[in-house]
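With these hints in hand, go ahead and build the complete structure from the sequences.
So the sequence lines, in the order shown, correspond to chains A and B. The opening position of the first sequence corresponds to residue 1 in this note's numbering, with each subsequent residue numbered one higher. The opening position of the second sequence corresponds to residue 1 in this note's numbering, with each subsequent residue numbered one higher.
Hints in this document: simulated from the structure, not taken from any laboratory. Incorrect hints may have been included.
What the hints assert, rightly or not - Computed footprint of chain A on chain B, listed as stretches where at least three residues anywhere in the stretch have a Cβ under 8 Å from a Cβ of chain A:
no.	segment
1	47 to 58
2	104 to 113
3	141 to 147
4	160 to 169
Claimed, not checked - Not everything, but these chain A residues come out facing chain B in the computed CB check (under 8 Å):
no.	residue
5	Glu-19
6	Asp-44
7	Trp-83
8	Ser-108
9	Val-137
10	Ser-139
11	Ser-146
A virtual CB, placed ideally from N, CA and C, is assigned to each residue, including glycine.
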Amino acid sequence: MAGSVSIFNARPAQAFSLEGCQWSSVSPVHYYNRSSGTYHTVNDQAANNWTATPTAVWLAPSGSGSPITLYDSNDGNTGYSGWANYYCYYSLMFRADGHSNTYLTNQSQYSYGAKVSVMTHEVGHDLGLGHNDNTRVCSQIPVMYSNDSPRWFGCSINTPQKDDINGLLYMYG
Amino acid sequence: MHRDLLSAGRAVSLMIALSVSAIVSCGGSGTSSRTTAGAVMHIDASRAKIYHSLREVAADAELVIRVTATTQHSVDLVQGYPGDPIPTPFTVTTVALRDVLKGPANTPNALMIRQIGASNGTTVVDGAPPILQSGRQYLLFLDQFTYGPGRATDQYVLVGGGAGLFADNGATVSSLDPESPDLPRNATVADVTAVLSA
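The following block contains the structure:
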């Protein structure tokens, strides 16, 4: 759980968690898509999912010098389907990446929709959102839920949900 | 894509400092630049599977062992792609075998356990279980670390990214994974043995 900052509204399910680190500007923030084939499409879809939210976030594809890099790689049987790395400097994010672990995401149960769920989640981290495991109720579960089991395999969530969007609105408007 | 193992047994702080100091990155608007000495690297790793019981964890484990972590720690910095400016640190801890609850009788007396992150303050891994601490005793549910068929290594990983990590308190064990809320926080070793023999 990221837990640097947690904002709770009246209902516990209506919550989001922030990393405590965010971009100085997201209008736009550029990303470089290093993947090819299906994963290239998945990465773009994940970025577009956040751009499509009613927030200031605009993820724009660009070249290798971009502050965010999206890719795929075989990390082995770590138990993690993906992760996001970023550097934080006085609460400002300045370099981030997110990727799928193809050891897992190439397995048959990871459909295209599941792959998008993983990468949308990782891009959420790249924007400053932390894990939000407050509920497993499908109508309320956020894409920032930490585990693929309830998020995708249980609830088929692969786009930002209300709590995720509220988190972005809190950070970026 | 592939991963390059940059170093084994090398201090992560130096490498991250070098990586960080080399970065000059554009801000979100593309108009600012900043060097990053003193920045902290964060990792948010996402689990593939949630575990609801000791039985489920045991079913996915090749080895269930009681160990003492020894003093050997090394850190591998793994690049996601050539030139990756944010390589991921993995800590490898050697543990001394005390008891085998599941696994072959000829399990080695010393095993290397691979965990994401580093415990030297340069990296924060959100939601991950703690790095094994020297001198502490643990109950571990493990799989051999592999990149795929025919690509096994001499290291082991915790089942479920951390679900398989328990503090060994003697007659009882305690889950150390913050993102496996369905697992019992505490259990007796007899409970674990019973699960394994069921």
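- Message: Between the segment 141 to 147 of chain B and chain A, are there enough contacts, at least three residues with CB-CB distance under 8 Å, for the coverage claim to hold?
- Response: Contact hint for the segment 141 to 147 of chain B vs chain A: holds, 4 residues under 8 Å.
Query - Per-stretch coverage check for the segment 47 to 58 of chain B, three Cβ contacts closer than 8 Å to chain A - result: holds (count 4)
Does the nearest C-beta of chain B fall within a distance shorter than 8 Å of the C-beta of Glu-19 of chain A?
7 Å, holds
Please check whether Ser-146 of chain A passes as an interface residue: C-beta within 8 Å of a C-beta belonging to chain B.
5 Å, holds
Point to revise | Agreement of hint Val-137 of chain A with chain B interface, Cβ distance less than 8 Å | key: Interface hint status for Val-137 of chain A: violated (15 Å vs cutoff 8 Å).
- Item | Check of the segment 160 to 169 of chain B against chain A for coverage (Cβ-Cβ below 8 Å, three residues minimum) | The restraint on the segment 160 to 169 of chain B holds, since 4 of its residues have a Cβ under 8 Å from chain A and three suffice.
- Query: Okay, the segment 104 to 113 of chain B and chain A, do three or more residues pass the C-beta test at under 8 Å?
  - Reply: violated (count 0)
With a cut-off of 8 Å on the beta carbons, see whether Ser-139 of chain A makes it to chain B. Violated, about 19 Å.
*Using 8 Å as the Cβ threshold, decide whether Trp-83 of chain A counts as touching chain B.*
4 Å, holds
Legend entry - Satisfaction of the Asp-44 of chain A interface hint, Cβ to chain B closer than 8 Å: Cβ of Asp-44 of chain A sits 16 Å from chain B, so the hint is violated.
Proposed interface contact between Ser-108 of chain A and chain B, which counts if any beta carbon pair is under 8 Å = 13 Å, violated
The structure does not agree with the numbered hints 2, 6, 8, 9, 10 stated previously, though it agrees with the rest.
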